[in-house]
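Which chain is which? The protein sequence lines are A and B, in order. When we follow this note's numbering, the leftmost residue of the first sequence carries the number 25, and every step to the right adds one. When we follow this note's numbering, the leftmost residue of the second sequence carries the number 66, and every step to the right adds one.
If you are wondering where the hints come from, they were derived from the structure by calculation, not from laboratory data. Each hint should be verified, as a subset may be incorrect.
Claimed, not checked - In silico EDC-like pairs for lysine to aspartate or glutamate, Cα to Cα no more than 20 Å straight-line: (1) B/K107 <-> A/E76; (2) A/K68 <-> A/E92; (3) A/K95 <-> A/E76; (4) A/K68 <-> B/E104; (5) A/K68 <-> A/E96; (6) B/K107 <-> A/D133; (7) A/K51 <-> A/D110; (8) B/K133 <-> B/D120; (9) B/K136 <-> B/D96; (10) A/K68 <-> A/D133; (11) A/K95 <-> A/D110; (12) B/K107 <-> A/E64.
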Amino acid sequence: NAGVMQNPRHLVRRRGQEARLRCSPMKGHSHVYWYRQLPEEGLKFMVYLQKENIIDESGMPKERFSAEFPKEGPSILRIQQVVRGDSAAYFCASSPRIGNSNQPQHFGDGTRLSIL
Amino acid sequence: GESVGLHLPTLSVQEGDNSIINCAYSNSASDYFIWYKQESGKGPQFIIDIRSNMDKRQGQRVTVLLNKTVKHLSLQIAATQPGDSAVYFCAEQYSNNQFYFGTGTSLTVIP
Chain A
25 NAGVMQNPRH LVRRRGQEAR LRCSPMKGHS HVYWYRQLPE EGLKFMVYLQ KENIIDESGM
85 PKERFSAEFP KEGPSILRIQ QVVRGDSAAY FCASSPRIGN SNQPQHFGDG TRLSIL
Chain B
66 GESVGLHLPT LSVQEGDNSI INCAYSNSAS DYFIWYKQES GKGPQFIIDI RSNMDKRQGQ
126 RVTVLLNKTV KHLSLQIAAT QPGDSAVYFC AEQYSNNQFY FGTGTSLTVI P
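Starting from the given sequences, assemble the full structure and let the hints guide the process.
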């Protein structure tokens, strides 16, 4: 009964490099959400995806950040040309879709991104 | 003890006492609410949820109360244990399937 799997758990990049964060949702879940968390702060919504579709990316910076959730494989959050301010914990959550009923999100344990 | 998440982000209670963590949500149209627990180095863990057509829901040692009139949500933990020490977040869901998280309250249980 695997939960939401994120990898890597820790990622270190130098300024200007690219960071790729992966998320495999729970089995049967078709909705994926990405959040960013700074120390001592709450979760900030970034993007909401379904298979092959971006539903809402209003929380994601317009430049350097992109996300995808392909038909096969994990969801990817990609940060190009990273800067120090990108250092944070990035969490992925997934949920099923059952009609119009509310369903909780289930979270992975996050990727901690450090920019040198 | 009682804490308002946004103004008093820390709460300390004695082991065995009851804890009450409060949350003021922002959108009167929110129809679904969740409490999460986040331990250090881990992702948020689902505790309990409640829909807007209810004002109370109970789980194992936890109770969530919803007051839609004042847009207030609370989490009560009975007989608090050291393992309950964590940061607790409330989340509200709008009709667009999005979740919005509060700042969080850090609960410390004193043995």
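Each hint tested on the structure:
no.: 1; hint: B/K107 <-> A/E76; in the structure: 28 Å, violated
no.: 2; hint: A/K68 <-> A/E92; in the structure: 18 Å, holds
no.: 3; hint: A/K95 <-> A/E76; in the structure: 6 Å, holds
no.: 4; hint: A/K68 <-> B/E104; in the structure: 17 Å, holds
no.: 5; hint: A/K68 <-> A/E96; in the structure: 27 Å, violated
no.: 6; hint: B/K107 <-> A/D133; in the structure: 5 Å, holds
no.: 7; hint: A/K51 <-> A/D110; in the structure: 30 Å, violated
no.: 8; hint: B/K133 <-> B/D120; in the structure: 8 Å, holds
no.: 9; hint: B/K136 <-> B/D96; in the structure: 11 Å, holds
no.: 10; hint: A/K68 <-> A/D133; in the structure: 15 Å, holds
no.: 11; hint: A/K95 <-> A/D110; in the structure: 28 Å, violated
no.: 12; hint: B/K107 <-> A/E64; in the structure: 13 Å, holds
The earlier numbered hints that this structure contradicts are 1, 5, 7 and 11.
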